[in-house]
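Chemist: So you can see what is in the structure, the chains are spelled out below.
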Amino acid sequence: MPTDDELRELHRQMVRARVFEETIQKAYLEGKTPAFDIAAGPVPGEMHLAAGQEPVAAGVCAHLRTSDAVTASHRPHHVALAHGMDMSKLAAEIFGKDTGLGHGKGGHMHLFDAETNFGCSGIIAEGMPTAVGAALAFKKQGRDDVAVSFFGEGAANQGAFHESINLAALWQLPVVFVCEDNTWAISVPKDKATAIPNNSDRAAAYGIPGALVADNDVVAVFEAAGEAIARARRGDGPSLIEVQTDRLLGHFEGDPQVYRPAEELEKLQARDAIRRFEEQLVAKDVMTTDETAGVWAAARAEVDEAIEFARTSPYPEPASALDHVFA
Amino acid sequence: MAQITDTKRLLTTAKAISEAIAQEMERDPNVFVMGEDIGAYGGIFGATDGLLAKFGPDRVMDTPISETAFIGAAVGAALQGMRPIAELMFVDFFGVCMDQIYNHMAKIHYESGGNLKVPVVITTAIGGGYGDGAQHSQTLYGVFAHLPGMKVVIPSTPYDAKGLMTAAIRDDNPVVYMFHKGIMGLGWMTPNSRATDHVPEEAYTVPIGKADVKRPGRDLTIVTLSLMVHRALDAADALAQEGIEAEVLDLRGLVPLDRDAIAESVRRTRRLLVVDEDYRSFGMSGEVITAAIEAAFDYLDAPPARLAYPDTPIPYSRPLEQFCLPNPDTIAAAARQLVGR
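Protein chains in written order, with this note's numbering: chain A, 1 to 327; chain L, 1001 to 1341.
Any given hint might turn out to be false.
[Unchecked claim] Across the chosen pairs, the derived CB separations fall in these ranges: (1) Asp1037(L) - Leu322(A): 37 to 47 Å; (2) Asp323(A) - Pro1191(L): 43 to 53 Å; (3) Pro1191(L) - Gln172(A): 38 to 48 Å; (4) Leu29(A) - Leu1147(L): 29 to 39 Å; (5) Leu322(A) - Glu1245(L): 35 to 45 Å; (6) Phe36(A) - Pro1313(L): 39 to 49 Å; (7) Met1(A) - Asp1172(L): 38 to 48 Å; (8) Asp201(A) - Lys1054(L): 38 to 48 Å; (9) Pro1303(L) - Asp86(A): 53 to 63 Å; (10) Pro1029(L) - Gly41(A): 41 to 51 Å; (11) Leu29(A) - Asp1172(L): 37 to 47 Å; (12) Asp201(A) - His1198(L): 54 to 64 Å.
It is worth saying that the hints were derived from the structure and are not from the lab. Beta carbons: idealized from backbone N, C-alpha and C, even for Gly.
With the rest of the complex left out, here is chain A (with noise of 0.2 Å):
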């Protein structure tokens, strides 16, 4: 079990993850009413949010440091908050200003940071390869880091899911690969699209462990992540774990969601992971219902001065787009 502040950290994570997103929806929605157009607005671009997986990122972050690699996939905000980057650089870069990340360059699907070791990937499974290369250097090197890459299950069809987990394990290299299964892949969900139910048993096919998350508890997460991270960490090899988490919002903001039932959301809203893990730290009085408000107000404050920070940073130069080609 994590302690009562290991509890009050995941809580923090959470809210904070929470709402800078909402508040990037809002600003993504600025100019493209009435009619949305995708390229209009201060956020351009698709935007995929992440509004009820955030236990998946705050459960596994809590074991790492910065120092431990990353990749996540194109919805990738929660996991990059949870594992420590700077908000107002992430915030820069989703408005592609010069101060944010990649000066622009990347967006919010290809996100860089060199100081948390982050990197993300826009092409589904296909942040796991890159993962599996930083823990080889970490063996290499002699460092006791992992890494661990994020990706839903619609990942788990592709090739380079299976070919990231064979290599790692026949390795044995210090890498944890998270499943964050949120039902949809876009518009088809996971039993018109996987063989199995549960990608964690694919674990099996690689000899290595594969853990099952069955309900978006963050504790859960953190458990199972705890035990996957700590194996990885004293060289014992990869795991797997799949989480089932939950979709709160299209696929990406504008998607009009006609193929997903209208009770499905109802149902998934009702159960929002926060609210209920809020209302658990409440009932065993880690935390009071005035304290869990005043970590909603201090990341209403942080969210607020980092888009601040997005909105009043300058635009990089236009013809800095032909920079940073080559080192």
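Given the coordinates of chain A, assemble chain L onto it according to the supplied hints.
Modeler: Same frame as chain A, now just chain L:
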């Protein structure tokens, strides 16, 4: 030929490449090699010959047939400070792993706004002419050169092969290093006298992105690379018998492209023939001709010409494949036509 003395070593291109890798592995503990059959076998085309015995399996790693995983792992390891060399056995296999190459290896430095470096070398075998069919004979360098973010190095001689490999490993950028099977000096390929040459024992670099005049000439410039340099030199020998002096400019790679060298040569010879083993359209031959026209149009005495692989998959049967490939005779014929003789 006074240069040739007993004190100078002769090496095949394959040995020159593996020697460069070995010397860099000795110099820098971050350098390691991964790929299919690169250990005990020494690489199907010999580019890693002897490395396993010298450095052991931790630094010379045979991989599963799993290019997405191990090339992606090379990218991931490079991001953590290593300098991996990953061999893609045949360039034709890029289809199973291109995402890691062009969406990750080639873009992460840019997407990070210059904050991260990806010093990976991908070595890969190119080229046909030996009856290996449509999926094992392509050159495809035009595809890689088209996609921004990776250097593309393509040597034609043992000397250049060693120096360019050393430069590639020391480069902080991703480098795709393409060796033609026909220049490696392998006992099981058609003998090629130019695949063995003097190679200095000490480490040295050949600059990436600098073309090299392999034969000076006044009447036309033949711009080419890789095995076609050898073919062009043979053609130039034949042309010289007829009083036509062809300059053979070896690009030694495509990215960066040495546009200055193309323009400089064409200004002198006033005629350009591009010889290209890659597919004809949308590739190297078109880009080289464009470079010449942009920089030296007024100097040209004739429209530039090109001899390239036709826009067709590569056939198996010998007469079919040989019909498609440029050779010394067809190169000489194109040169004669260009100079009006």
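Chemist: Work down the list of hints and note, for each, if the structure agrees.
Modeler: To see whether the hints hold, each was checked on the structure:
1. Between Asp1037(L) and Leu322(A) the CB atoms are about 40 Å apart, so this pair conforms to the stated range of 37 to 47 Å.
2. A C-beta distance of roughly 47 Å is found between Asp323(A) and Pro1191(L), which places it inside the suggested range of 43 to 53 Å.
3. The hint said 38 to 48 Å for the Cβ distance between Pro1191(L) and Gln172(A), and at roughly 45 Å that hint holds.
4. Under the hint 29 to 39 Å, the C-beta atoms of Leu29(A) and Leu1147(L), about 34 Å apart, fit the expected range.
5. Under the hint 35 to 45 Å, the C-beta atoms of Leu322(A) and Glu1245(L), about 40 Å apart, fit the expected range.
6. With their beta carbons about 44 Å apart, Phe36(A) and Pro1313(L) fall inside the hinted range of 39 to 49 Å.
7. Range check, Met1(A) to Asp1172(L): Cβ separation about 46 Å, and the 38 to 48 Å hint holds.
8. Taking 38 to 48 Å as the suggested C-beta distance range, the pair Asp201(A) and Lys1054(L) conforms, at roughly 43 Å.
9. The supplied range of 53 to 63 Å is met by Pro1303(L) and Asp86(A), whose beta-carbon atoms lie about 57 Å from each other.
10. In this structure the supplied range 41 to 51 Å holds for Pro1029(L) paired with Gly41(A), their Cβ-Cβ distance being about 49 Å.
11. Hint check: Leu29(A) to Asp1172(L), Cβ distance near 41 Å, so the stated range 37 to 47 Å holds.
12. Separation of Asp201(A) from His1198(L) is about 60 Å and conforms to the stated range, judged on CB atoms against 54 to 64 Å.
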